[in-house]
Structure formats: structure tokens, C-alpha cells
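Engineer: Using the sequences provided together with the hints, build the complete structure.
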Amino acid sequence: MTETRQVPPANEPATQPPARRDWSGSGLALAGTAAMIAIWQAAMFVSDSKVFPSPLAVARGIGELARTGRLVMYVTDSLMRVGIGFSLALLTGLPLGLAMGWFPRLGSAVNPVMQILRPISPLAWIPLAVVVFGISNAAPIALIFIASFCAIVESSMNGVRMVSQVYVLAAQNFGLSRAAVFRRVVFPAALPQILNGLRIALGLSWVVVVAAEMVAVDSGLGYLIIDSRNAGKRYDLVVGGMVLIGAIGLLLDTLVLRIERLPAVRWGVDART
Amino acid sequence: MRYLPRFVLKISGVVTVIAIWGLVVQVTDSPIIPGPWAVARAIHELAVKGLLFKYAVASLFRVTWGYLLAVTIGVPLGLMLGWYKRIGRAFNPTVQVLRPISPLAWIPLAILWLGVGDGSAVLIIFLGSFFPMVMTGMNAVRNVTPTHINAGRNFGLSAWRFMWSVLFPAVTPQIIAGMRLTFGIAWLVVVAAEMIAVNSGLGFLIVDARNAGNRYDLIVAGMVLIGTIGLLLDVAMRRLERLESIRWGYSTSAIDGER
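Line by line, the protein sequences give chains A and B.
At the far end of the first sequence sits residue 806, using the working numbering, and the numbering has no gaps.
At the far end of the second sequence sits residue 1205, using the working numbering, and the numbering has no gaps.
To be clear, the hints were calculated from the coordinates, so they are not data collected in a lab.
Think of the CB as a built atom: it goes at the ideal place given N, C-alpha and C, for glycine as much as any other residue.
It cannot be assumed that every hint is accurate.
[What the hints assert, rightly or not] Computed beta-carbon distance windows for the label pairs:
hint	chain 1	residue 1	chain 2	residue 2	range
1	B	Glu1187	A	Ser710	32 to 40 Å
2	A	Thr787	B	Pro982	41 to 49 Å
3	B	Gln972	A	Arg711	34 to 42 Å
4	A	Ile572	B	Lys1000	38 to 46 Å
5	B	Pro982	A	Gly708	45 to 53 Å
6	A	Lys766	B	Arg1185	42 to 50 Å
7	A	Ala575	B	Leu1127	33 to 41 Å
8	B	Val1181	A	Leu639	37 to 45 Å
9	B	Leu1006	A	Arg711	41 to 49 Å
10	B	Arg1188	A	Asp581	49 to 57 Å
11	A	Ile572	B	Ala993	44 to 52 Å
12	B	Leu1015	A	Leu589	25 to 33 Å
Structural biologist: Quick look at the structure:
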């Protein structure tokens, strides 16, 4: 624990981006991943499992999905559901959350409702969603909407509330109107926190879509997993589906993280601390 | 004087929503969606039968086990990955790919390995909380101000002392915050896991009420219970977060946050 090399230079900000970015160029990342796959393969040899697939079998399974065209179809279906549900939640949740943060009275009135709704697992809504929308795209979209809506409202409300009062007062001293204070000071300062919440909400949507597809529809990556298990115990396709879910989830996360790190967005990090 | 209106506001929001809900059900005369009154009766029915207590305890039991396992294994692992940059870099891709896999996607494998029962549910909750805790630990170490690390080094602290008096206090607030978020996820996952992998608990209540006779009043009652218990747990975790000894790392920004 006393290697000095590990200490980042002192002039870097404390909120420096995690080192995730550098793994593309690094052989270490490759070695670590290869080691994990090798352990998986070795465990297959040792246990001599007939059911659990080896890495190679999973790769073949993914190849099969790609050839039969199910890969593209299922991925598009899942992404479309997440896209629509998440966008709807963003369009409604962001304004509501900002308003709740900016007008404390509105916040006090609506927040308790949100606090009760939030811990209800979006999946507990499945029976209701199915009864209201039937087995269709609308059911998973509604579930994704519910899941990301609460997260977005919460983070945008907190983002506004956590903006340092010093900046608000300073802006008022400059004679800015209330609307201008919000638009030019509060919103930019709250933006990093809001985007962080969006990233969490998107991750949650990705979790929920898989679960919703397991129950409420008959396409998408969640359906692939449950269907491969039920129809012939194709565990290679089950694990193949999991790998795809992981890879796409990672891509989505990286995408939002990129946006989060744009200089225009990071402005607020310095404004708050 | 300011306290009362605030309290009234808080109640009024909830009351309004319940009133609208009751009104909509009344007006549409829906045979399926239950009104608030029917749901209250359903909760009472569950309580009288003793199912309420039994299912809530079953769910809490699974969450506690899966979550505690994830915290005790995930946090140290995350701290290690964050501190030793090379190890972190080697295993980060694995963690990053496994992390976004919905814990529910593990259900078939969990059932394959552990069969239908508490084991699978606990494993699924463990997997759902494990990766967030690893990420929390990793980021917490990386976010420690280098000034603190250098200062500790300059004082010539032993490795143990350094960990105890510099690293530990600096990462604790972040870890606790991460634990609260992760607990939310664990609570979310247990409901889903119980819908598929076991036959007790609040998630089972919901799916069972639907399959056995479309008792939508019991479904909504289950949802209300899940929401209430989740809220109580969240409040308890927040209390923990506010303890003086834990707030060390926040310095002034935390005071600023409370408006």
C-alpha cells in the first residue's frame, strides 16, 4: 500500500473520471478478460458439466442467433422499448423534477407520493401493465417509463436543491430575474447531477426491459433468455443472451458517460463544490 | 408556524393522489382495477390471515442475506480494484460487462445451480447488489483527494494506520451512499426473483394473486406493502448516512445541500 506511483498528481481534480477510459489501449485489460474466460473454460473441463455451456458454445450460440436474424431483431426490439419508455420518462420527469426542486412547496407536496412510488419494484407493476395494455409493446414500455420516471424526477429535484446558495444569491445580486437565475445558473449547475441520474435511470431501464420481456411479451433479449430455457434448455443461448445484454448495457452506459464528461456539462461540477 | 403548512402540504399531496385514484375507479366503474378502499380491505385480509407478516419477513430475510453478502464481498473487492490500479485495469472489463446484465437474466442459471428456493433468490439479489457495491468501492477509493493521501504518506503512517485514519474515513460517506442506492436495487430485485423462483414473499403474493383468481385488490395491496417497506428501509439508511461519525468526508458541501 505504499507504492507512490499509484497516487495521481495533485493538480488533478478529485472528481477525475475513473480510469475506465484507458482500458482500450491496455494489454492488462485483455489479459484480465482472457484470464476470466480461461477460468470459465477450465471450470467446464473440471466439472464436466453437461448443461452449462463453455465459452466456445456461447460464441457459437451467438453466431447461430446472428445467422437466423434473431440477434438483430431481438436487440432492436429491446432497444426500441427502452428508447421509447426512457424518452417519455425524460420528457415528463425532467420538467417535474426541476419544478419540484425550484419550488419548495410543490416539492413538499409531490415528493411524498414519489417516495412511496419509487421503492415499488417496477416489476411489481407487471400484472397491472399486462391487464391494462395486454401482451404488447406498450406493457414493457410502461414499465420502463415507471422505472426511469422516478429516478429522473428524484435526481433532477436533488440536482436543483443542491446548487450552492452562494451562486443563486450572487446571480440575484446581478439583478437577474428569477427565470434567468434558473436558466443561466441553477440549471447548468444542476446538470452533472441530472445526467448522473439519467445514467442510473438508463441502467435501470435496461434491467427492467429484460425482466418485462421475460413475462410480458414474446420478443427481445429477455424473451430470448426465458424462451431458450423453457424450449429445450438451450443454456448456450441463455448465456449468449446474457453476454449480449451485458455488452449492450455497457455501450449505453459508456455513451451517457461520454456526454457527462463534455466540458460544457462539467461546468457545474466546479460550481457546486 | 412554518412547520405546519409544510406538514399539511406533504399530507395533501398523498391525499389528493388517493382521492383521484378513488374517483377514477368510481367513475370508470372498472371491474379490474381496485379502489383505495378495496386495497385497504385486502391488506387487512392479508394481516388477519397472517400472510402479511409471513411474506414480509420472507422477503426481508432474502434481501438481508443477499445484500449483506454482496456488501461484505463487494466493498473490499472494489476498494482493492480501486487502490491497485493494475489489478483494477485488468478486471475492470469483466466487471463492466457483467454489471449491466440484469440480475433477472441470471434467473435461469440460478435455478439451474441452486434449484427453486431461497438459494436462487438470495443468489439473484447477491448478483444484483454485488456489482454496484464493487463499483462504489472502486470509485470511492479513486475519489479520495490526493492531498489527503500525500499528507498521510508524509506523516510516515504505517500501511495499517494509513488505511484506518486516512482511507477509511474518506471513503465511508461514499460507501454508505452507495449502500443506500444498492439497497434500493436489492429490494427491487427480490420482488422479481420471488415472482419466478420461490413461492413465498411479497413478489410471490403479487404473481399468485394474479394467477389464482385475478385478485387485483391483493396485487395492489402487495404493491403498497412493497412501497411502504421500501420507503421505511430507505429512511433508515438515510438516518445512518447522517450520523456525525460518517459525515467526515462531506466537509462543507453537505451543509450547503440542505436548503
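Engineer: Given the hint of 41 to 49 Å, is the C-beta distance from B/Leu1006 to A/Arg711 inside that range or not?
Structural biologist: For B/Leu1006 and A/Arg711 the Cβ distance comes to about 46 Å; the hint holds.
Engineer: Do the beta carbons of A/Thr787 and B/Pro982 sit within 41 to 49 Å of each other?
Structural biologist: About 44 Å separates the Cβ atoms of A/Thr787 and B/Pro982, which means 41 to 49 Å holds.
Engineer: Between B/Glu1187 and A/Ser710, is the Cβ distance one that fits in 32 to 40 Å?
Structural biologist: holds, 36 Å
Engineer: Check the following: the C-beta atoms of B/Leu1015 and A/Leu589 are separated by a distance inside 25 to 33 Å.
Structural biologist: With a Cβ separation near 31 Å, B/Leu1015 and A/Leu589 satisfy 25 to 33 Å, so the hint holds.
Engineer: Measuring from beta carbon to beta carbon, are A/Ile572 and B/Lys1000 in 38 to 46 Å?
Structural biologist: holds, 41 Å
Engineer: Given the range 37 to 45 Å, decide if the beta-carbon distance of B/Val1181 to A/Leu639 lies inside it.
Structural biologist: Violated, at about 22 Å.
Engineer: If you check the beta carbons of A/Ile572 and B/Ala993, does the distance land in 44 to 52 Å?
Structural biologist: Roughly 49 Å apart at Cβ, these two residues keep to the hinted range, so it holds.
Engineer: Could you see if the CB distance from B/Gln972 to A/Arg711 stays within 34 to 42 Å?
Structural biologist: holds, 40 Å
Engineer: Assuming the hint says 33 to 41 Å, is it satisfied by the Cβ distance from A/Ala575 to B/Leu1127 or not?
Structural biologist: Because 35 Å falls inside the window, the suggested range holds.
Engineer: Could you tell me whether the CB distance from B/Arg1188 to A/Asp581 stays inside 49 to 57 Å?
Structural biologist: holds, 53 Å
Engineer: Determine whether the Cβ-Cβ distance between B/Pro982 and A/Gly708 falls within the hinted range of 45 to 53 Å.
Structural biologist: Holds: the Cβ-Cβ distance is about 49 Å, inside 45 to 53 Å.
Engineer: Just to be sure I understand the hint, the distance between the Cβ atoms of A/Lys766 and B/Arg1185 should be within 42 to 50 Å; is that true here?
Structural biologist: holds, 47 Å
This entry does not satisfy hint 8, going by the numbered hints stated previously; all others are met.
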